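The residues making up each chain are set out below.
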Amino acid sequence: MAFDSFSAFIAMEGHGPYVWACYAVFVVLLAGLMVWSVKRNQSVLGACQRRYETDAKTSGQTTRKAPATFTRVEISQD
Amino acid sequence: MHPIRKKRLTIVLFLVAGLAIAVGLTTYALRQNINLFYDPSEIAAGNVPVDVRIRAGGMVEEGSVIRDPESLKVEFRVTDFSASVPMEYVGILPDLFAEGQGIVAMGRMDASGRFIADQVLAKHDEQYMPPEVADALERASKGQHKAADAQKAAESTAY
Amino acid sequence: MWQFFHKLGSPKWFFGIATRFMPWLLAGGLLLLAAGLIWGLAFAPKDYLQGNSYRIIFIHVPSAFLAQSIYISMAVAAVVTLVWRMKLADVFVKAIAPVGLLFTFLALFTGAIWGKPTWGTWWVWDARLTAMLILLFLYGGVIALDRAINDEKSAARAVAVLVLVGVVNIPIIKYSVDWWNTLHQPATFKLTEKPTMPMEMWLPLLLSVLGLYLLFGWLACIRMKTEILVREQRTRWVRELVLAGRK
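Chains as they are written, first to last, in full-length UniProt numbering: chain A, 1 to 78; chain B, 1 to 159; chain C, 1 to 247.
None of these hints come from the bench; they were simulated from the model.
Honestly, I wouldn't trust all of these hints.
To be verified - Listed below are the simulated BS3-like cross-link pairs for lysine-lysine, each with C-alpha atoms no more than 25 Å apart in a straight line:
no.: 1; chain 1: C; residue 1: K174; chain 2: B; residue 2: K6
no.: 2; chain 1: C; residue 1: K116; chain 2: C; residue 2: K153
no.: 3; chain 1: C; residue 1: K153; chain 2: C; residue 2: K174
no.: 4; chain 1: C; residue 1: K194; chain 2: C; residue 2: K174
no.: 5; chain 1: C; residue 1: K153; chain 2: B; residue 2: K7
no.: 6; chain 1: C; residue 1: K153; chain 2: B; residue 2: K73
no.: 7; chain 1: A; residue 1: K39; chain 2: C; residue 2: K194
no.: 8; chain 1: C; residue 1: K12; chain 2: A; residue 2: K39
no.: 9; chain 1: C; residue 1: K153; chain 2: C; residue 2: K87
no.: 10; chain 1: C; residue 1: K174; chain 2: B; residue 2: K7
no.: 11; chain 1: C; residue 1: K194; chain 2: B; residue 2: K6
no.: 12; chain 1: C; residue 1: K116; chain 2: C; residue 2: K12
Keep in mind it's a predicted model, so treat the numbers as computed, not measured.
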């Protein structure tokens, strides 16, 4: 250990505010970017899942409904 | 490689090379403006405008620092080991300011060739070492001086 | 070799590899970075001249290293985008540009705080600092340009050209301290030469540089995976993968 006591470690012979401010900003921003990246990954993954599920439901419904719908069929007259 | 890709690659390489040359020439032409400060030799050679705010940098000469006891005025010489410039400054110096230490000062040259600084920044080198090592090195170099002095003395007495 | 190159271009293949490596990158990166920073903060000896303020070097130098390395890797990916039109290269550029922006900002910010007690000023317009500020704007420009263009393919090409135009700034940052008079001192941490600091200062610095590189690898993987999900969500393999992962 390069310091005699914990308070000496915090004070760093007067350079404490500079050193600790740097480390705090570094840790907060790096951790923030990591957490944000994970969260974004999860939200995109969740959105994909929901999309696939609704896709599966609606496609099932349309196939069942399909015979009952009237669709205008354009037939060439000539 | 596919000929189209080869062509694209050549275009990309030409783009980067051309840009590098352009930027290289520009920075070369502007080098006097990119340099942060003037060397003492440039100042001694008279390449420096008088009474215009400029920066000058170099090493604080050993044994040249004179502190005014009544005020914060400091006088010292800055050297690059081929020329030196006298400087004066009133104010609080950075912690790292010491003889043998690099500095960059902002201020004006006066007509008598003195540099009147209004801001002094400390410049440090890329060497880092623990205090004990620095002390040991200094003692060793002083020891060498002493040994050399002793040898010189011995030689001179021998004659 | 070309086969490997084509495999590398496949988002599906990358997805699998990234998923396998990510836990190792995260664990290794956090471990090395924590070891380097704690060693540097508490156990490394203080500097004879700067005292304890030099301890900022253990985050300043790794951040600056990453800021430049990320840009170089983006430039390589930009060449691949322009010449081979490989989708994954463009995904890479878009995924890591914000990471590069963050590290450039951190290098500038920690440098400013370090400059106050050592130089006596927060900021000075010397060549190194100014070139680093230009790098910050380049990262910002890359992100903004990508957002501004809606079409994926034209955005990829425009971004690649901007990245390549900016790459001339990298040698300027690196050699600025040798070519011009600057307040910033020359490099301390060089891979090719003998270090200018004793082992008990150099080793923690090496550990934190390596740790940050691994963390960058992890960040690149997870951000690329997100980007691939967004772009390839209509393909069958993503659909199967997502639906399989849900169970």
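For each hint, the structure was consulted:
1. C:K174 to B:K6: violated, 30 Å
2. C:K116 to C:K153: Outside the cut-off at roughly 45 Å; violated.
3. C:K153 to C:K174: violated, 32 Å
4. C:K194 to C:K174: holds, 18 Å
5. C:K153 to B:K7: holds, 19 Å
6. C:K153 to B:K73: Between K153 of chain C and K73 of chain B the Cα gap is close to 64 Å, so the pair fails against 25 Å, i.e. violated.
7. A:K39 to C:K194: Distance ~42 Å between K39 of chain A and K194 of chain C Cα, so the pair is violated.
8. C:K12 to A:K39: holds, 22 Å
9. C:K153 to C:K87: holds, 9 Å
10. C:K174 to B:K7: violated, 31 Å
11. C:K194 to B:K6: violated, 40 Å
12. C:K116 to C:K12: The given pair, whose Cα atoms are some 49 Å apart, is violated under the 25 Å limit.
Of the numbered hints given earlier, the model fails hints 1, 2, 3, 6, 7, 10, 11, 12; all others are met.
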